[in-house]
Amino acid sequence: MDLRDRLRLLRAAGSSRPRGGPAPGATAPARSQASAAETAGPRPARVGEALQGYVRAVPSGETFYVETRYPAGHCRGPLPLAAVRSIPGPAWALLGPLPPSVEMERAIFLDTETTGLSGGSGTYAFLVGLGFFEGNQFVVRQYFLRDYPEEEALLEAAAEDLASGRVLVTFNGKAFDWPLLEERYRMHRRTPPLAGVPHLDLLHPSRRIWRERLPQCTLATLEAQILGVLRERDVPGELIPQRYFDYLRTGNAEPLDEVLEHNRLDILSLVSLAAWLGRLVTDPFSPTADGELVCGEDLFALGRLFLHRGALAEGIRCLEEARRRGVTVVSEVRLQRELAAAYKRARELGQALAIWQEMTAGAGSLTLYPYVEMAKYYEHVAHDYRAALRAARQALAVAEQRRRLAGPSSPRARRDIEELRHRLARLERKLARSRSILDGFEPPPA
Amino acid sequence: MNLEQFLERLRRDPEMRAHITAWETLPALPARYGDFPPGLDPRIPAALREKGITRLYSHQSEAVAAALAGKNTVVVTPTASGKTLCYNLPVLNAILKNPASRALYLFPTKALAQDQVVEVKSLADRLGAEIKSYVYDGDTAPAIRQVCRQAGHIVITNPDMLHTGILPHHTKWVRLFENLQYVVIDELHQYRGVFGSHLANLLRRLRRICEFYGSHPVFLCSSATIANPKELAERLIGAPVTLIDQNGAPRGEKHFIFYNPPLVSRDGIRESALKASARIAGQLLKNDIQTIVFARSRNSVEVLTTYLRAQVGQQKASRVMGYRGGYRPNERREIEKGLREGRILGVVSTNALELGIDIGQLEACVMCGYPGTIASAWQQAGRAGRRGSTSVAILVASASPLDQYLCSHPEYFFQRSPEMGLINPDNLLILVSHLKCAAFELPFVDGEQFGVPTTEEILAYLEEEQILRHTGGKWHWSAENFPAESISLRSVDAENVVIIDQTDPANPRVLGEIDQLGAMTMVHTNAVYLHQGVQYHVDRLDWGEKKAYVHQVNVEYYTDAKLAVTLRPLEVLKEKEELGVRVGYGEVMTAAKATIFKKIRLYTHENMGWGKIHLPEYEMHTTAYWISLPERLTEGLSQDKLQSALVGLGHLLRGLAPMYLMCDPADLHHVMQIRSPFAELPTIYLYDAYPAGIGLAEKCYELHPMLLGAALDRVQSCPCEDGCPSCVGPAAEAGSSTGGTKEAVLTILRRALADGPVVH
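Taken in order, these protein sequences are the chains called A and B.
For reference, each letter of the first sequence is one residue, going 106 to 551 in the numbering used here.
For reference, each letter of the second sequence is one residue, going 11 to 770 in the numbering used here.
These aren't lab readings, by the way, just hints derived from the structure by calculation.
By construction, the Cβ of each residue, glycine as well, lies at the ideal position given by its N, Cα and C atoms.
Heads up, some of the hints might be wrong.
[What the hints assert, rightly or not] Pulled a few chain A residues facing chain B out of the computed Cβ check, cut under 10 Å: (1) Gly227; (2) Arg289; (3) Tyr290.
Okay, chain A solo, but in the shape it has when bound (with noise of 0.2 Å):
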């Protein structure tokens, strides 16, 4: 029995799956024959019949790219490209850990095709896409590698067009595609360019402002339900890889086509979509073109986003129109609550104390919270302890129809009651001593 007899058999017994055969006539894809110095520019080039582009030269080798070309006006949702252009530095500084300083004026965006998604040094980015506006227009670049020699090439060529990037967008940036860039990068002993400028990835936005109304925050799920475009002939994400192994077996690069669409789809749909929550931090109340106002929850989502940065008086305003605006999926009570504590924070007291009021307006409200507040206004601002402590004995009211509704075993509901005798015993102590303070100064009787 030879080694290969051998190998065949562990095959067959042991863990090694088997895939299908290796394809008849398998030929090497179409590689360039000029050499480096030849060109100083890039030229015309095709990788089999589906792919056109361009061979680029850099000292570390060639590497072919596709260039598309979009008018800055070109719209792929409410707003066209151009209109993330328009939008100031500090509204950036909300959605992510960017200086208010930042040039989106010269962004790149950046979206990887890859051979598999476990990462490793052993996953290879074999399309990698970028983005960015030039004059009137809008450049979609994307490296492809027609063959693992190719690589550092095509690394050094995407660095040098990187290298004049202000800002990176991408959607899952962070988790997946930079750091799996940065490994391609290191395994080639380069270091990974961008290094201090700063990335906004674009998941960490969308998920605080759509978590709640969205069944998952993924690209595709965002471009149908916010961008409200659909896309037709998609190829599956996870077809992907086994496209890109079947073209370096036969050298036919025609399925590939589709991948490519697809990751310039991609980085049109990021451009839409940082164009819309640049938009929606920016002004959220008026209608778009076509007459459509934002929803309460995201005006919620958005408030809190505000709220989250420290921007007080911004966060109100939205949570005030969401109410105007009415809530569904986000309960009426939460949007209360929040609202009240922004406005605590900001020292508007009053406003705090009416949704507060309104709050334990309706018969039979089982939440705690307001009174509480209520509480602790009237005890601690308005020193008002009387009725601090008809607010006090009706939270512990609701405290204990709580605890007969969760059982006598509820730590929480314990917890609670126990605190609020505390309070009413300290309620009553000031009201006692306050007495007696305005008994001796009580007028004598006319």
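Mind docking chain B on chain A? Use the hints.
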């Protein structure tokens, strides 16, 4: 009664005395010292002095000097002899001299890593320098991982994590790999057989990555006593190694006793080792002597724990614990801590506690059955032994031929050097697995070798399989999956069966895991599975999902399942005529099938009934050693006699072989054929219990004369009438209707060995 008094009573008790076949006393030894080697940063001796260490033992001094000189070393020492300083000092010294330098520590288990980080940290803190050490394993929090990769001077991990978590992501560890000065491999003797073969390949991968980043680390290994520490270390790391085996640490007096349980019937049946061990350990525990009991199988751990708890009485029962693989990590940590603090008085363990896990030093060790190797027996015995005070290790012999051979030849144990650590890094299945991982980590370059000269041929095969792509003089990983994920270092199959306890159907919980072959006999449907002395009934084994569903029960029996194995020879690799028999070595395909299980009553061990097991066959391609008996040897034996003689001889050879192989008896299986397809003769096969084999069968082929000689000796010296578990197996098992199995085996062996000398 303290230990000294206990030993005194043992000596005087005629009942016990009659069954003690050996009593060796190893005298106390004084310490021998050496200097702090020149070249050691003066802060190190100063810090050690603060800890009360004013000089080094001779082996520590020697080891540190060799490491400072840039030599790969292996230090061989018993437990508690200060082996950690042998590697910690050179590592800390290197970091003091150059804060950029890095070290990687490998321990076979997570538990050992946790022990070590505490020790390194306490020494590093005393040095007053900023030296950071981290445990990096599956339990490490994400935030710590980041810091560890960037700034960890000493990264402490296990082979599994290196395999799946570090090497495939080496670009995240640039700092470590660019500056890696030392690699520490502790518990080297653990890396035998399958695990060792995996580690050797993992280290091949590690060296490739280091080369890529331009570092050339020195390997510092430490090992318990085995026959070939230097050879094993050299095979594992693939480079020359300096051996340091003159231990300078002091030792208290130690007694080593062999106890052969009394005969209970005339067919040579003895009291079971389980019961005898329970009796002896029970006495020790009742006298508050902290004791560890080693059992041979997971099942016996549980049975023994149950027996001992019953013996020591209610008050102490909670201070007796079981410990074995399959328990959850926090359960184990709790037991280790209890032992160190003395809260736990007795522990019953499989060889899981043979490892250097810190449980302090106990006073007594009882081994229920010979652990299979001399090295392992010394390791287990080493668990008892406090510096400067007396300790005892008692080996309770089981009925197996090997245990009985030792009882009649104790000198074999006390005079012979321990066994060899065997590995086969070039086991095809293991090699190919790691070759894939290596290609994933860095493309192979044309002409590059990975351990074997046939590297290129294997790479080409992997390209045909569409896993690699050969282009531009390199072999690139060209598949979607992450190969390390599906390769387990601990066995050859990746997927274990998970045991799920649904005693409370609303809250099912994971009880533990078990390998597939073990699952067939331990958690088949209707088995009684024991965990921490608690019985669980297996409601259903879902073989497709690899899940066993159990619920807690309280029954008075346990189950014991039988595996039926058939074997198909594939190819003869070596063949010879020796000592009158035809001997062969080659590749075979085996198919194991669990057929029936017996219900056995607790304590009395009587058979209470049986049931069928419905599981698919488990096929395995492996290597075997076989002997075929020519007609001359079997002449005059009836078909029936011949059949039973084969069963008897198989039992005997399989029982004795592990002694020569330093393998666990479970690593080797056997079958017989009345007429083999190759030689067309009655044949007995011994084969490796792992896919593709780990080198045991080949070693048997080389040791054949010794094995046959020991077999004859065993049968001749056995006092039984017609076969017992200690020689050719009980008469009933051999299946002969007329008896005479022992005689038939003797006839065959005598005829065979009449031709040549008996070799021991």
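Q.
Could you work out which of the previously given hints the structure breaks and list their numbers from low to high?
A. none
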